[in-house]
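Trainee: Okay, here's what each chain looks like letter by letter:
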Amino acid sequence: MPDVNFIVDGKKLTAPAGTLLIDACKSAGIEIPAFCYYPGLSLQAACRMCVVRIEKAPKLGTACTTTVAEGMNVTTESPEIAQARKATLQLLLGNHPLDCPVCDAGGECELQDMTFKYGAADSFYAEPKNHREEQKWSPVVYFDRPRCILCYRCVRMCGEGMDIFALGVQNRGSSSIIAPNVAPSESPDHMAALDCEQCGMCIDACPVGALTSGTYRYKTRPWEMNHVATVCTHCGDGCKTTLGVRSVNEGSEIVRGDNRDKSGMNGDFLCNKGRYAFDFANNIERLSSPLVRQSDGKLKPVSWEEALTFAGKKLRELRDAKGANSIGVIGSNRTTNEESYLLQKFARTVIGTNNIDHHRTADFVTLATALQGTTTADGKPRFASQRCVEKSPAILLIGGDPTNEAPLTAWNIRTNVRLNKARLYVANHQDIKLKRQAKAFAPVAEFGYAAFIDSLASANDFSTAVKAEEKLVVVVGNELRGGELAKLIAALPHAKFALLADYANSRGASDMGVLPDVLPGYQSLKGSTLASEYGAAGQSQVADAPGLDLLGMFDAASAGHLSALYVVGSNPIKRFGIDASALKNTFVIVQDMFLTETAVLADVVFPAANLYEKAGSVTNSYGDLQLVAKAADKAGVRSDFELIVRLADKFGHDVKTLVPFGKGLRAAGMSGDMGQTRGAQSGEADRHSVWLTANNLEPKLSPFDPFAILDEIQRVVPGYDKLLRLQLLSGNDQHIAPAASGLVQIQTGRKDLVLPAADTLFTSGSLTRFSPMLQDVQRHQASEHTDHLASAD
Amino acid sequence: MSTIPNSIFTPATAARFDKLATIYPVKRSALVPMLLYAQDDLGYVSDAAISEIAKRLDLLELDVRNVLSYYSMLRTAPVGKYNVQVCTNISCMLRGGFELLDHCKKTLHIGHKETTADGMFSLEEVECIGACCWAPAVQVNYDFHEDLTPAKMDAVLADYREGRGKDVK
Chain A
1 MPDVNFIVDG
11 KKLTAPAGTL
21 LIDACKSAGI
31 EIPAFCYYPG
41 LSLQAACRMC
51 VVRIEKAPKL
61 GTACTTTVAE
71 GMNVTTESPE
81 IAQARKATLQ
91 LLLGNHPLDC
101 PVCDAGGECE
111 LQDMTFKYGA
121 ADSFYAEPKN
131 HREEQKWSPV
141 VYFDRPRCIL
151 CYRCVRMCGE
161 GMDIFALGVQ
171 NRGSSSIIAP
181 NVAPSESPDH
191 MAALDCEQCG
201 MCIDACPVGA
211 LTSGTYRYKT
221 RPWEMNHVAT
231 VCTHCGDGCK
241 TTLGVRSVNE
251 GSEIVRGDNR
261 DKSGMNGDFL
271 CNKGRYAFDF
281 ANNIERLSSP
291 LVRQSDGKLK
301 PVSWEEALTF
311 AGKKLRELRD
321 AKGANSIGVI
331 GSNRTTNEES
341 YLLQKFARTV
351 IGTNNIDHHR
361 TADFVTLATA
371 LQGTTTADGK
381 PRFASQRCVE
391 KSPAILLIGG
401 DPTNEAPLTA
411 WNIRTNVRLN
421 KARLYVANHQ
431 DIKLKRQAKA
441 FAPVAEFGYA
451 AFIDSLASAN
461 DFSTAVKAEE
471 KLVVVVGNEL
481 RGGELAKLIA
491 ALPHAKFALL
501 ADYANSRGAS
511 DMGVLPDVLP
521 GYQSLKGSTL
531 ASEYGAAGQS
541 QVADAPGLDL
551 LGMFDAASAG
561 HLSALYVVGS
571 NPIKRFGIDA
581 SALKNTFVIV
591 QDMFLTETAV
601 LADVVFPAAN
611 LYEKAGSVTN
621 SYGDLQLVAK
631 AADKAGVRSD
641 FELIVRLADK
651 FGHDVKTLVP
661 FGKGLRAAGM
671 SGDMGQTRGA
681 QSGEADRHSV
691 WLTANNLEPK
701 LSPFDPFAIL
711 DEIQRVVPGY
721 DKLLRLQLLS
731 GNDQHIAPAA
741 SGLVQIQTGR
751 KDLVLPAADT
761 LFTSGSLTRF
771 SPMLQDVQRH
781 QASEHTDHLA
791 SAD
Chain B
1 MSTIPNSIFT
11 PATAARFDKL
21 ATIYPVKRSA
31 LVPMLLYAQD
41 DLGYVSDAAI
51 SEIAKRLDLL
61 ELDVRNVLSY
71 YSMLRTAPVG
81 KYNVQVCTNI
91 SCMLRGGFEL
101 LDHCKKTLHI
111 GHKETTADGM
121 FSLEEVECIG
131 ACCWAPAVQV
141 NYDFHEDLTP
151 AKMDAVLADY
161 REGRGKDVK
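Chains as they are written, first to last, in the numbering used here: chain A, 1 to 793; chain B, 1 to 169.
No lab work stands behind these hints, which were simulated from the structure alone. All C-beta atoms in this analysis are idealised placements derived from N, C-alpha and C, irrespective of residue type, glycine included. Watch out, some of these pointers could steer you wrong.
Straight-line C-alpha distance at most 27 Å; calculated DSS-like pairs for lysine-lysine [said to hold, decoys possible]:
(1) A/K574 <-> A/K584
(2) A/K136 <-> A/K86
(3) A/K439 <-> B/K166
(4) A/K433 <-> B/K55
(5) A/K129 <-> B/K113
(6) B/K55 <-> A/K435
(7) B/K27 <-> B/K55
(8) B/K106 <-> A/K433
(9) B/K27 <-> A/K421
(10) A/K439 <-> B/K55
(11) B/K106 <-> B/K166
(12) B/K27 <-> A/K435
(13) A/K26 <-> A/K11
(14) A/K314 <-> A/K300
(15) A/K56 <-> A/K11
Just some of the chain B residues that point at chain A, by a computed CB distance under 10 Å [said to hold, decoys possible]:
(16) L60
(17) E61
(18) N66
(19) V67
(20) Y71
(21) S72
(22) T149
The calculated label-pair distances, taken between Cβ atoms and stated as ranges, are [as the list claims (entries may be wrong)]:
(23) B/A48 <-> A/R217: 33 to 41 Å
(24) A/N420 <-> B/A48: 39 to 47 Å
(25) A/A451 <-> B/A48: 39 to 47 Å
(26) B/Y142 <-> A/S42: 33 to 41 Å
(27) B/A12 <-> A/R217: 50 to 58 Å
(28) A/N171 <-> B/N6: 26 to 34 Å
(29) A/K59 <-> B/W134: 37 to 45 Å
(30) A/K59 <-> B/E162: 55 to 63 Å
(31) B/K55 <-> A/P493: 42 to 50 Å
(32) B/W134 <-> A/D113: 49 to 57 Å
(33) A/K391 <-> B/I90: 55 to 63 Å
(34) B/Y142 <-> A/E70: 40 to 48 Å
So that you can see chain A by itself, here it is in the shape it has in the complex (with noise of 0.2 Å):
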């Protein structure tokens, strides 16, 4: 679109034609108000709040309806246009309760500010108010009716934005209102009902304090919160979250998640289990003190000097005597990047064994290893971004259901598709949500991913539209890996490619190399830098052949040959249906949150801090790297890096060689950096430190510094050597790729174990049966005996 010039209170301003005028002002840093206005939602003009005065206009206009003109003359405060949005203020105040004090929204109400800017506390309307009792909708959607000023947000953020349409406005006039799409008649306690997927967007577009979320409501101010952006524990999609942390007793808690700043990939977006699913971190069920199992066969609480000592000295003891092979280490998928190379570099240079694994929700080793040496047609590499996602002109979804299992790449297809008119293909073997947006459909027999790739070969409609698109992203479902997956890669030569896998750091643990075939980075373990480099440091010869997957390493325990199985933030036993009696010979060590399947088979357990309680990074499904914040925190848990680094000094092991920390053991160039460069947010260790310099202490690094883990990965994990800090620190998404050449060989057979977690928008793997919230949400869905929502056909 050509430019045009305007002018804007005096303000020479230009903008692409086309542009809507309020966008515009708000570009050139003239703000102008609106309730009904929501950036990327359709039009509303039903709030009379953005009514600007336009030379030659008989009358006010509103802002948001008007695209800017060549030589348009705007004025966008005059004493005319105050009292105009004034009187809009009392009109909307004529029943709003003003009860600001008790309102959540208080202190971040947009009617509120309105009201402040314009003075219309006096009303013309004194009538009495008409007031009607809150309504709970679900769990964690509440209405309170008075407060709502009929924006239509909610019903656009739900239709438009969410897919989902279960938003109404009934009746007429003055009094109408927003109606969910549960009919108090066709609720069992009669009263209305939503059935939906909880998302809450309703309730983040909400100008007002009308929608308000059930886990947040009357516990807390916004000003009374800490607000910590980090990045959600839950899928592999990698959406940001500002978490709003208030002190108690044991720490500080999480109240409240949101992403009102609009920062990171998923902008204001977030689902069920972002928004609302960290309370598992406060659960009463969470382990506090270290336990260790007792001559009588229970687990009792002990110090954490005796429970580290005991557990150091037992794993010693079986590396020496068994050997370093009959140990087996089981890493997570959602500890942060430095915690998953810390681990992995502990079992190959501290016990000295590859016997690494993690529960796989996705074929990374294939894709680094398929996508090596190949370029788009422009020269880029293939490996695509969330941020491609939302704006790329075509995106073929092979299998996977994103609305359940990666709802942020879901809303970005929907929203690359509404606002871009972007090309959706979609092949599945089931009739997915995201067939309602696809331009085209073709269905694939369950199992029968493998037809469909030969499918494309051939030259069917599907086929031909897929291969005509000059810049494609392809996101691949977990039903496709290994051999497939290699062979779909090569079927389409130029596109990008990305991987739907589970958790936080699901990517981040396959790149860190917690796997037993290839090392960080997917190098070799066989002839690389890397290989060398942990020879010269482990205490024993690291073996450079492959070591047991997770599978083996239960089959070598059934079998008597695991002496020792050291299990980091994950469930093997639950998630894989492991028969428990197969641990009763291996001393088993679990680092978790709470007493899980496997915990409670464990001899030593340590209470381990989550996702929301440590510092570091994770990178998503895509290969986005992003910081985590430490936003909560719980007296008696220790983040999963420091228990390693504890674990390995217990075990005898010199910790300067596993964390590069203090001064002099770095690489040169790094070690005049004390943490400096780090800035505050990298953790309790650095802040110590600037605490020091502040004091004219003598500064000193910890080795439970994840970030001068950080610094090793980006020396010797190719792909995140490219990694830039300021970005990083900044709070900003970046995208990792593999390096381009020298990855491991794939060799015939190779097991790829993936197990999808099977989640869907109110499960989140372990977590779920400790998410009070999650429970409630689920047991509300399933009250619900109709469906009230559109078919996907």
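Start from chain A and add chain B according to the hints.
Mentor: Here is chain B on its own, set in the frame of chain A:
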């Protein structure tokens, strides 16, 4: 044509709906007429009717309820056999609409939007029914009764009670 199996409506109404869904450029345009015919058929728009109409027009039930709740002549609860709608808008008000309404309330022993115990009459105060020339006017089901006085109203009610009323429904 997607005829709904086991329609809750009479065969004639169901056939009419089948056709209605096809004659508008946009299917959902048939919503308001369908709701009116459904109300004639059932006496009110029931949850089952909402559900079937939503199916017929590829709408969500919520969409149907949104429109349904907008119009005051569409109702979601049954009324008496004869729905007495007394206009109290300006012309009728000036000519004694409120007196008529009060008279009806007194003789029928019911209030606005209530139904007599025998299910014979319902009473409703309505806005302009377009009979200003002959105010005050009352609409009973689809029949108009004009130029009324409390005495004439008694006769009208008696006719209906005795089964002599015009009943075009």
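Trainee: Evaluate each hint against the coordinates.
Mentor: Results of checking the hints against the structure:
1. The suggested pairing of A/K574 with A/K584 holds, with an alpha-carbon distance near 16 Å, which does not exceed 27 Å.
2. Restraint check: the Cα-Cα separation between A/K136 and A/K86 comes to about 32 Å, which exceeds 27 Å; the hinted pair is violated.
3. Our distance criterion of 27 Å between C-alpha atoms is broken by A/K439 and B/K166, whose separation comes to about 56 Å.
4. The suggested pairing of A/K433 with B/K55 holds, with an alpha-carbon distance near 19 Å, which does not exceed 27 Å.
5. With a C-alpha separation of about 24 Å, the suggested pairing of A/K129 with B/K113 holds against the 27 Å cut-off.
6. A C-alpha spacing of about 20 Å is found between B/K55 and A/K435, which places the hinted pair at or below 27 Å, so the restraint holds.
7. Under the criterion of a C-alpha separation no larger than 27 Å, the hint pairing B/K27 with B/K55 is consistent with the structure, at around 11 Å.
8. Distance hint between B/K106 and A/K433 is unfulfilled; the C-alpha atoms sit about 57 Å from each other, more than 27 Å.
9. Between B/K27 and A/K421 the CA atoms are separated by roughly 25 Å; this keeps the pair inside 27 Å, and the hint holds.
10. A hinted pair counts as satisfied when its Cα atoms are at most 27 Å apart, and A/K439 with B/K55 qualifies at roughly 24 Å.
11. Only pairs whose Cα atoms come within 27 Å are accepted, and B/K106 paired with B/K166 is accepted, the gap being roughly 23 Å.
12. Between B/K27 and A/K435 the CA atoms are separated by roughly 22 Å; this keeps the pair inside 27 Å, and the hint holds.
13. For the given pair, A/K26 sits about 13 Å from A/K11 by alpha-carbon distance, which is consistent with the 27 Å threshold.
14. With a C-alpha separation of about 17 Å, the suggested pairing of A/K314 with A/K300 holds against the 27 Å cut-off.
15. In summary, the hint linking A/K56 to A/K11 is supported, as the alpha carbons are separated by about 18 Å, within the 27 Å threshold.
16. With 10 Å as the threshold, the beta carbon of B/L60 comes within range of chain A, its nearest partner Cβ sitting at about 6 Å, so the hint holds.
17. Using the Cβ-Cβ criterion of 10 Å, the hint placing B/E61 at the interface with chain A is satisfied: the shortest such distance is roughly 6 Å.
18. For B/N66, the interface hint holds, the least distance from its beta-carbon to any beta-carbon of chain A being 4 Å, beneath 10 Å.
19. Annotation: B/V67 was flagged as interfacial toward chain A, and the flag holds, the nearest CB pair being 9 Å apart, inside 10 Å.
20. Interface hint status for B/Y71: upheld, as the beta-carbon distance to the closest one in chain A is roughly 8 Å, under 10 Å.
21. Restraint check, B/S72 versus chain A: the minimum CB separation of about 8 Å is within 10 Å; hint holds.
22. Interface hint status for B/T149: violated, as the beta-carbon distance to the closest one in chain A is roughly 33 Å, over 10 Å.
23. Restraint check, B/A48 to A/R217: a C-beta distance of roughly 36 Å satisfies the suggested window 33 to 41 Å.
24. As the Cβ distance of A/N420 to B/A48 is approximately 42 Å, the hint placing it in 39 to 47 Å holds.
25. Here the CB-CB span from A/A451 to B/A48 is close to 44 Å, well matched to the stated 39 to 47 Å.
26. At about 39 Å, the beta-carbon gap between B/Y142 and A/S42 stays in the expected band of 33 to 41 Å.
27. Checked against the hint of 50 to 58 Å, the pair B/A12 and A/R217 passes, with Cβ atoms roughly 52 Å apart.
28. Taking 26 to 34 Å as the suggested C-beta distance range, the pair A/N171 and B/N6 conforms, at roughly 31 Å.
29. One distance hint, 37 to 45 Å for the beta-carbon pair A/K59 and B/W134, holds here, with the actual separation near 41 Å.
30. For the pair A/K59 and B/E162, the beta carbons lie near 59 Å from each other, so the given range of 55 to 63 Å is met.
31. About 46 Å separates the C-beta atoms of B/K55 and A/P493, a value consistent with the hinted range of 42 to 50 Å.
32. Look at B/W134 against A/D113: about 54 Å separates their beta carbons, and that is inside 49 to 57 Å.
33. Range check, A/K391 to B/I90: about 59 Å between beta-carbon atoms, so the 55 to 63 Å window is met.
34. Between B/Y142 and A/E70, the C-beta spacing of about 57 Å breaks the proposed range 40 to 48 Å.
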